[in-house]
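K.L.:
The chain contents come next:
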Amino acid sequence: MKALFFILIFFVIGTAFWQFFKLLGLTKKDQVATEKENDINGWLMLGLGGFVYGLMLYSMFQGRVVLLPRLSASLEGEDIDNLFVITMGLILVVQFITQFLIYYFTFKYRGTKGRKAMFYADSHKLEMWWTITPTVVLSVLIIYGLWTWNNVQDLSDAENPLIIEVYAKQFQWEARYAGEDNQLGLGHVNFIKGINTMGVDMSDKNSADDIPVRELHLPKGRKVIFKFRSQDVMHSAYMPHFRAQINCVPGMVTSFGFTPTVTTEEMRLNEDTKAKFDAINELRVEEGKEEVEFDYLLLCNKICGASHYNMQMKVVVQEEEDFNKWLKEQKTLAQVINN
Amino acid sequence: MSDHHHHKETFVTKYIFSQDHKMIAKQYLITGMFMGVIGVFMSMLFRLQLAYPDQSFSIIEAFLGKWGEGGQMTPDMYMGLVTIHGTIMVFFVLTAGLSGTFSNLLIPLQIGARDMASGFLNMISYWLFFLSSLIMFLSIFVHTGMASAGWTIYPPLSALPQAMSGSGLGMTLWLVSMAIFIASSLMGSLNYIVTVLNLRTKGMKMTRLPLTIWAFFITAIIGVISFPVLLSAALLLIFDRSFGTSFFLSDIFIQGEVLHYKGGSPILFEHLFWFLGHPEVYIILLPALGITSEVISTNARKPIFGYRAMIGSIMAIAFLSTIVWGHHMFVTGMNPFLGSVFTFTTLLIAIPSAVKAFNYITTLWRGNLQLNPAMLFSIGMVSTFITGGLTGLILGDSALDINVHDTMFVVAHFHLVMGISALFGMFAGVYHWFPKMYGKMMNKDMGYLHFWLTAISAYGVFFPMHFIGLAGLPRRYYSNSAFPMFDDLLHINKVITVFAIIGGVSQIIFLANFFFSISKGKKASQNPWKGNTLEWTAPVEHMHGNWPGEIPEVHRWAYDYSKTDENGDLWGGQDFTPQSVPIRDGEEEF
Numbered sequence: 054m055k056a057l058f059f060i061l062i063f064f065v066i067g068t069a070f071w072q073f074f075k076l077l078g079l080t081k082k083d084q085v086a087t088e089k090e091n092d093i094n095g096w097l098m099l100g101l102g103g104f105v106y107g108l109m110l111y112s113m114f115q116g117r118v119v120l121l122p123r124l125s126a127s128l129e130g131e132d133i134d135n136l137f138v139i140t141m142g143l144i145l146v147v148q149f150i151t152q153f154l155i156y157y158f159t160f161k162y163r164g165t166k167g168r169k170a171m172f173y174a175d176s177h178k179l180e181m182w183w184t185i186t187p188t189v190v191l192s193v194l195i196i197y198g199l200w201t202w203n204n205v206q207d208l209s210d211a212e213n214p215l216i217i218e219v220y221a222k223q224f225q226w227e228a229r230y231a232g233e234d235n236q237l238g239l240g241h242v243n244f245i246k247g248i249n250t251m252g253v254d255m256s257d258k259n260s261a262d263d264i265p266v267r268e269l270h271l272p273k274g275r276k277v278i279f280k281f282r283s284q285d286v287m288h289s290a291y292m293p294h295f296r297a298q299i300n301c302v303p304g305m306v307t308s309f310g311f312t313p314t315v316t317t318e319e320m321r322l323n324e325d326t327k328a329k330f331d332a333i334n335e336l337r338v339e340e341g342k343e344e345v346e347f348d349y350l351l352l353c354n355k356i357c358g359a360s361h362y363n364m365q366m367k368v369v370v371q372e373e374e375d376f377n378k379w380l381k382e383q384k385t386l387a388q389v390i391n392n
Numbered sequence: 058m059s060d061h062h063h064h065k066e067t068f069v070t071k072y073i074f075s076q077d078h079k080m081i082a083k084q085y086l087i088t089g090m091f092m093g094v095i096g097v098f099m100s101m102l103f104r105l106q107l108a109y110p111d112q113s114f115s116i117i118e119a120f121l122g123k124w125g126e127g128g129q130m131t132p133d134m135y136m137g138l139v140t141i142h143g144t145i146m147v148f149f150v151l152t153a154g155l156s157g158t159f160s161n162l163l164i165p166l167q168i169g170a171r172d173m174a175s176g177f178l179n180m181i182s183y184w185l186f187f188l189s190s191l192i193m194f195l196s197i198f199v200h201t202g203m204a205s206a207g208w209t210i211y212p213p214l215s216a217l218p219q220a221m222s223g224s225g226l227g228m229t230l231w232l233v234s235m236a237i238f239i240a241s242s243l244m245g246s247l248n249y250i251v252t253v254l255n256l257r258t259k260g261m262k263m264t265r266l267p268l269t270i271w272a273f274f275i276t277a278i279i280g281v282i283s284f285p286v287l288l289s290a291a292l293l294l295i296f297d298r299s300f301g302t303s304f305f306l307s308d309i310f311i312q313g314e315v316l317h318y319k320g321g322s323p324i325l326f327e328h329l330f331w332f333l334g335h336p337e338v339y340i341i342l343l344p345a346l347g348i349t350s351e352v353i354s355t356n357a358r359k360p361i362f363g364y365r366a367m368i369g370s371i372m373a374i375a376f377l378s379t380i381v382w383g384h385h386m387f388v389t390g391m392n393p394f395l396g397s398v399f400t401f402t403t404l405l406i407a408i409p410s411a412v413k414a415f416n417y418i419t420t421l422w423r424g425n426l427q428l429n430p431a432m433l434f435s436i437g438m439v440s441t442f443i444t445g446g447l448t449g450l451i452l453g454d455s456a457l458d459i460n461v462h463d464t465m466f467v468v469a470h471f472h473l474v475m476g477i478s479a480l481f482g483m484f485a486g487v488y489h490w491f492p493k494m495y496g497k498m499m500n501k502d503m504g505y506l507h508f509w510l511t512a513i514s515a516y517g518v519f520f521p522m523h524f525i526g527l528a529g530l531p532r533r534y535y536s537n538s539a540f541p542m543f544d545d546l547l548h549i550n551k552v553i554t555v556f557a558i559i560g561g562v563s564q565i566i567f568l569a570n571f572f573f574s575i576s577k578g579k580k581a582s583q584n585p586w587k588g589n590t591l592e593w594t595a596p597v598e599h600m601h602g603n604w605p606g607e608i609p610e611v612h613r614w615a616y617d618y619s620k621t622d623e624n625g626d627l628w629g630g631q632d633f634t635p636q637s638v639p640i641r642d643g644e645e646e647f
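Residue numbers (the numbering used here), protein chains in the order written: chain A, 54 to 392; chain B, 58 to 647.
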């Protein structure tokens, strides 16, 4: 019944609009826009241009505080950030110029009776310029982009990388470290049973020393190579502060690597982070919630079911010494499963 | 076909099972509008959830029933709404509603043909579209909930009914509806291609076709190439869901048991899906760009600048669009070399797109712009096409995509470039060709108000959305409450929602204007906008066969606006020269 009520309200609003506009304009003789309409809409278009500029500038200045910290937490992320800044700079220049031209021309050449439009159908010279210029600019972007992509994707250059498997499922993350041999034991859904929740093949000689965890700890300055698996549907492992993301796909292992460069403690002291969390805590206090402090997070970025929006794992970046100490305190799979 | 107008038509053959392209165009438009109302209404409901995640709204309970008990929608319902909203808007409104309407209306009229090559096939294509729309609409009401794996329906989520409630009957209906939709789309596209190639009137060389026709023609070709691939994906997915095959599934443990699937790959589905999914962007955009070309040129009273470059760029965009699908898959874990290839091909699309944008701007330059609603929407289209297109540079660059993939940044980007731009193109088309469809004029004041409210709210919704994406917020999150780091995005979400509701509600103005003007609008003259193209030589009153006598012959291209003779005076003393006017002595054909 309520739905019917709302439909009736919409109907009444629609009818009101209908009746209102019935009183306006239907008797107008001109079928194309009149000079007065051109004038009003020309000015309004100039206003819309202003609105677009205003929105851009306001969003850029006011919105900065909500963004991720400009400090990338990984070495590879620094390259990505440089590329981002260059691309964004280019986008803004083109956006400012083209939008100005669109709205200014619309205003300036708004129709009047005396104006004669120009028959100007072609100019090979002009077209050549605006074909060649984007081509050259894009070539630079493409080359720089591919160089960055190759850098980020290249996992072969790491000396003594730390190997971690991240395992995705509806709706949580698990992980295991490769242990002393730095080799992960085989895993398959067929082996999931009881507390062997990641389906590790315990008969594989590399499995026993693997270390299962529910919170990721990473050492600062050492390359980490992640192997991702999923047990049910597609998930996506997204760690925005490290500029890292890759899908977790059932039936296959995907991998990604980065070198953490900023510890959690250091990131908490970063100016952008502080500004963002001050603002967040101000809001939280207003709402009677407890204050929070910054933590790195692993989120799921691929629709994976009803609780997709809840799926997360805390990530802690530490000095290597502290990390090693923490790792030693963790139990191996052999200790967890066999006991 | 020349004796079409002698047929005696009954109500059923004239209005329901019509084979007249103009009637079929109207059927497409009104079905598309109905689906559009549902799609937009859904977006307003889930925007309420995003802006006020903890509050109750009786409107939510009223419309969503058990899925919105206590005035708050469930996560399942949220997923369902975003899924069906995306599906409806992409396929049923912007593909069929836009391309189906204007290809049908304009191809025969602008090339000088009595009808489509096959009127019967054309009728069937509409009725299949209607059937698929009906199934998609009814799928909203099934007891397990509508399909909710996102409009991209990636398996295994879409393949396993136990993965979420929306992967049950709702998903089956989604697939059936899409399979029928694709059949309809292929019939339509083949008809458009054959008609353009074979039924052009005397003198209508390919190089004299209006850009609308070029856009529809190339769009149809992309559709024929890529839609069957999605059909194959949908059929294989039906097999996986219902007959135990493993095309897209492997090694799955769910609900406490290991499933039997072996050796398949969800990534294969993504390749098949995006082989249509990406060209689909241009299946939507190119018709809108074609309409914009026509409307801007007519209302600027100037030739479209760089006609040949415009055709070249349409072809280049169409070709490139079929070899860039992998940029949707940069983070799937496919071989990084493929990522490099797709970055290269994707970013190349910026070149023909830039050519188009600059050509539009130059067409505005030194024109005598008639700022009627169609023209305003066309200029708005160019503006949003550029704003949305530019951020594509970020998403198309594999290294940058890593950090914004599947965030709200993507949502902002594609809504501006293919949602809003295409809708603006569609509105421009409706305002411009309404006199041709109904012999009446739409109300201008309502049109102006509609444009201003829509334009402001479009930018108000999608500009700030980029920022919540750059802050790392994933798309399709029902609520941000599990992550305090997103707490400060809530106020931006509220602003977006307010603009979304203004934008959504203001579409009532358009609907009221549209339906009101059909019956009460001022009677249109034969050529109200003083256009050059052939449709304006046809009589205002509809007749099957379009022209009462001979079809006019074509002697020139479509853009002879404000052409002057050697003395600098307008040819014939008017600022337009229809295509049917022979070249005069001393006049050079462009």
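Because the hints were derived from the structure by calculation, they are not lab data.
Heads up, some of the hints might be wrong.
[Claimed, not checked] Derived DSBU-like pairs (lysine-lysine); straight-line CA-CA distance at most 30 Å:
hint	chain 1	residue 1	chain 2	residue 2
1	B	LYS83	B	LYS551
2	B	LYS579	A	LYS166
3	B	LYS551	A	LYS327
4	A	LYS381	A	LYS246
5	B	LYS259	B	LYS65
6	A	LYS89	B	LYS579
7	A	LYS367	B	LYS551
8	A	LYS89	B	LYS580
9	A	LYS178	A	LYS161
10	B	LYS262	A	LYS178
11	B	LYS65	B	LYS551
12	B	LYS319	B	LYS71
13	B	LYS587	A	LYS169
14	A	LYS342	B	LYS551
15	A	LYS280	B	LYS319
16	B	LYS319	A	LYS258
K.L.:
Compare the structure with each hint and give your call.
P.N.:
Hint check results:
1. Restraint check for LYS83 of chain B and LYS551 of chain B: the C-alpha separation of about 37 Å exceeds 30 Å, so the hint is violated.
2. Between LYS579 of chain B and LYS166 of chain A, the direct Cα distance comes to roughly 24 Å. Compliance with the 30 Å bound is thereby established for this hinted pair.
3. Of the supplied pair hints, the one linking LYS551 of chain B and LYS327 of chain A holds, its CA atoms being roughly 24 Å apart against a limit of 30 Å.
4. Using a Cα cut-off of 30 Å, the hinted pair LYS381 of chain A and LYS246 of chain A holds, with the two alpha carbons roughly 26 Å apart.
5. At most 30 Å may separate the alpha-carbon atoms for a hinted pair to count; LYS259 of chain B and LYS65 of chain B meet this at roughly 28 Å.
6. Pair hint LYS89 of chain A plus LYS579 of chain B holds up; C-alpha atoms about 20 Å apart against a cutoff of 30 Å.
7. The hinted pair formed by LYS367 of chain A and LYS551 of chain B meets the criterion: a straight-line CA distance of about 28 Å does not exceed 30 Å.
8. Proximity of LYS89 of chain A to LYS580 of chain B is assessed by CA-CA distance (about 22 Å); at most 30 Å being required, the pair is judged to hold.
9. Of the supplied pair hints, the one linking LYS178 of chain A and LYS161 of chain A holds, its CA atoms being roughly 25 Å apart against a limit of 30 Å.
10. At roughly 26 Å between alpha-carbon atoms, LYS262 of chain B and LYS178 of chain A fall within 30 Å of each other, so this suggested pair holds.
11. Between LYS65 of chain B and LYS551 of chain B, the direct Cα distance comes to roughly 57 Å. Violation of the 30 Å bound is thereby established for this hinted pair.
12. Under the criterion of a C-alpha separation no larger than 30 Å, the hint pairing LYS319 of chain B with LYS71 of chain B is inconsistent with the structure, at around 54 Å.
13. Annotation: proposed proximity of LYS587 of chain B to LYS169 of chain A holds, straight-line Cα distance about 15 Å (limit 30 Å).
14. Of the pairs offered as hints, the one joining LYS342 of chain A and LYS551 of chain B holds, with about 20 Å between alpha carbons and a cut-off of 30 Å not exceeded.
15. Note on LYS280 of chain A and LYS319 of chain B: the hinted pairing holds, with a Cα-Cα distance of about 21 Å set against a maximum of 30 Å.
16. The straight-line distance between the Cα atoms of LYS319 of chain B and LYS258 of chain A is roughly 25 Å, inside the 30 Å bound, and the hint therefore holds.
Of the numbered hints given earlier, the model fails hints 1, 11, 12; all others are met.
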